[in-house]
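Turn these sequences into a full structure, and let the hints steer you where they fit.
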Amino acid sequence: MRWDAIAVFIFFFLLVTVLGFVAARWRRGDLNQIHEWGLAGRRFGTVITWFLLGGDLYTAYTFIAVPAALYGAGALSGWFAVPYTILVYPFIYVVMPRFWSVCKKHNYVTAADFVRGRFGSRWLALAIAFTGILATMPYIALQMFGIQVSLEAIGFPTVIPIFGVDVDLPLIVAFLILAAYTYSSGLRAPAMIALVKDVMIFIVLFATIIYIPYKLGGFSKIFDAAHMKTLAAATTAKAKGTAPAFNDLLGSNQYLAYATLALGSALALFLYPHSLTSILSSNSVKVIKRNVSLLPIYSLMLGLLALLGYMAIAAKVKPLADLGNNGSIPALINAFFPSWFSGFAFAAIAIGALVPAAVMSIAAANLFTRNIYIEFFHRNANETQETNVAKITSFLIKFGALLFIVFLDKSIVINFQLLGGVWILQTLPAVFFGLYTRWFNRWALLIGWLVGMAFGTWTVFSNNIKSTAPIDFWFIHVPAVYAAISGVILNLVLAVILTPVFEMIGARRGEDITQPEDYAEATAPVEPPEIGQEALG
Numbered sequence: 004m005r006w007d008a009i010a011v012f013i014f015f016f017l018l019v020t021v022l023g024f025v026a027a028r029w030r031r032g033d034l035n036q037i038h039e040w041g042l043a044g045r046r047f048g049t050v051i052t053w054f055l056l057g058g059d060l061y062t063a064y065t066f067i068a069v070p071a072a073l074y075g076a077g078a079l080s081g082w083f084a085v086p087y088t089i090l091v092y093p094f095i096y097v098v099m100p101r102f103w104s105v106c107k108k109h110n111y112v113t114a115a116d117f118v119r120g121r122f123g124s125r126w127l128a129l130a131i132a133f134t135g136i137l138a139t140m141p142y143i144a145l146q147m148f149g150i151q152v153s154l155e156a157i158g159f160p161t162v163i164p165i166f167g168v169d170v171d172l173p174l175i176v177a178f179l180i181l182a183a184y185t186y187s188s189g190l191r192a193p194a195m196i197a198l199v200k201d202v203m204i205f206i207v208l209f210a211t212i213i214y215i216p217y218k219l220g221g222f223s224k225i226f227d228a229a230h231m232k233t234l235a236a237a238t239t240a241k242a243k244g245t246a247p248a249f250n251d252l253l254g255s256n257q258y259l260a261y262a263t264l265a266l267g268s269a270l271a272l273f274l275y276p277h278s279l280t281s282i283l284s285s286n287s288v289k290v291i292k293r294n295v296s297l298l299p300i301y302s303l304m305l306g307l308l309a310l311l312g313y314m315a316i317a318a319k320v321k322p323l324a325d326l327g328n329n330g331s332i333p334a335l336i337n338a339f340f341p342s343w344f345s346g347f348a349f350a351a352i353a354i355g356a357l358v359p360a361a362v363m364s365i366a367a368a369n370l371f372t373r374n375i376y377i378e379f380f381h382r383n384a385n386e387t388q389e390t391n392v393a394k395i396t397s398f399l400i401k402f403g404a405l406l407f408i409v410f411l412d413k414s415i416v417i418n419f420q421l422l423g424g425v426w427i428l429q430t431l432p433a434v435f436f437g438l439y440t441r442w443f444n445r446w447a448l449l450i451g452w453l454v455g456m457a458f459g460t461w462t463v464f465s466n467n468i469k470s471t472a473p474i475d476f477w478f479i480h481v482p483a484v485y486a487a488i489s490g491v492i493l494n495l496v497l498a499v500i501l502t503p504v505f506e507m508i509g510a511r512r513g514e515d516i517t518q519p520e521d522y523a524e525a526t527a528p529v530e531p532p533e534i535g536q537e538a539l540g
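Numbering (the working numbering), first residue to last: 4 to 540.
It is worth saying that the hints were derived from the structure and are not from the lab.
Glycine included, every Cβ here is placed at the ideal spot set by N, Cα and C.
Be a bit skeptical, because a hint or two may be false.
Here are the simulated DSS-like pairs of lysine-lysine, each with C-alpha atoms no more than 27 Å apart in a straight line [as the list claims (entries may be wrong)]:
(1) Lys-232 / Lys-321
(2) Lys-232 / Lys-243
(3) Lys-289 / Lys-224
(4) Lys-243 / Lys-321
(5) Lys-289 / Lys-241
(6) Lys-108 / Lys-321
(7) Lys-224 / Lys-319
Quick list of the computed label-pair ranges, beta carbon to beta carbon [said to hold, decoys possible]:
(8) Phe-205 / Asp-33: 31 to 37 Å
(9) Ala-246 / Ile-479: 20 to 26 Å
(10) Leu-253 / Leu-17: 40 to 46 Å
(11) Gly-254 / Leu-179: 42 to 48 Å
(12) Trp-461 / Tyr-439: 47 to 53 Å
(13) Tyr-439 / Ala-338: 47 to 53 Å
(14) Leu-253 / Ala-183: 43 to 49 Å
(15) Arg-46 / Thr-387: 19 to 25 Å
(16) Phe-94 / Gly-244: 37 to 43 Å
(17) Ile-508 / Arg-28: 53 to 59 Å
(18) Gly-254 / Asp-7: 42 to 48 Å
(19) Val-97 / Gln-518: 16 to 22 Å
As structure tokens, this is what we get:
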């Protein structure tokens, strides 16, 4: 235990805890209303939305798992995250203003709310809500894992024996703190904490990408070390007759897997409930467009951050025990920086886990409350009852993620996050296509979703929880491809084929309560730009 590192870590963790509770009084609103608790009253401007989206999308997974994947497996597993965060923003620049506009017009809180109104099908909306909650669970677990990695990196015991039983006490304490301020402050808490988190992350980023390459002799030596590991892996693989375990550059047989991982992840990113929640908390279309234009700054950061994996190879660090490749970056930071800065860095990573975990649990709770509880169990619930159910559900979802990380094999938690991408992409036809057309029959969309979910899940689990797998079916032979893409293609083909079939047999369409003008940006209020204290007030 390094007490100076622990002291710095605890100081910043307590700081954001206080901010989390203070946030209940920030931009004060009635937190007994679901749009105030779950969307912060839809009042965030450009500055707050930028920090919130950045904290929401670039998580502990970014700082730990991406460079760890580059360290362990090379370009395919680690680098695809960089192009996908570049691909996503032009697409979202076009799509999200329509989504925000129609949701603002009809007071929708979730994507399932929109699908319910667009296609008039509560069963299709249930499928969207179920998928959103399911896909979010491993993502929250990944954030809890990030906190656990940070604690182990500073030497804090993560397993403490109590009455003869090993208990992950520090992780449970972090969970309780997260649950408490999320319950009391809603979306305002992660929005306020994101301000601190992003500043800390950028400090750590600039320190690592400048100081570590300097000490290692420059980037040329870093890339040389990665290439030497590739040659060693190729020699070992040739002797065993297997595929190389590491490639610093993509092999020709990896192109399709890499491209589909990037494309599938890009299409999936803003289907996740937490991403849409952050979008819907914005106060105008202009705010969304400004943020989509500014968020690539984070993608630049991600590209530099990923290279920490190759730096760890060049430094010949030994990953922290019990963490596998995920312990490589903490070991790298501990090797090059004094204890107090390590405490600061791991506090930044832990806080970087708190922000998205809070938003994810709120978003999943909104889905359960609006599209399952209200729709199927209590149609006459008032605003206060609705919000109380969302608060309790948020707690239970975080608790479920905690159990996930405590009892399951931590080495495959990242693969489960990619499985979440396989699931959430199956909502694309109903959500994104639904923004532009109502041609699809609701029952065709539901069957397409079901088959896509089943195919994607079977593909991943039949390949040892790997999200990329070749397709061999009759005369179809395709190299390794991301299961999310193959699943959604099958999903769309079925929806296209079955729509005219259901029309011919007279399957009734649901009522569309939206109007074409609801999607137009002109319906969005024009807000003056925020400046000075107004931007943060």
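Check: Can you name, in rising order, the numbers of the hints this structure does not satisfy?
Finding: 3, 5, 6 and 12
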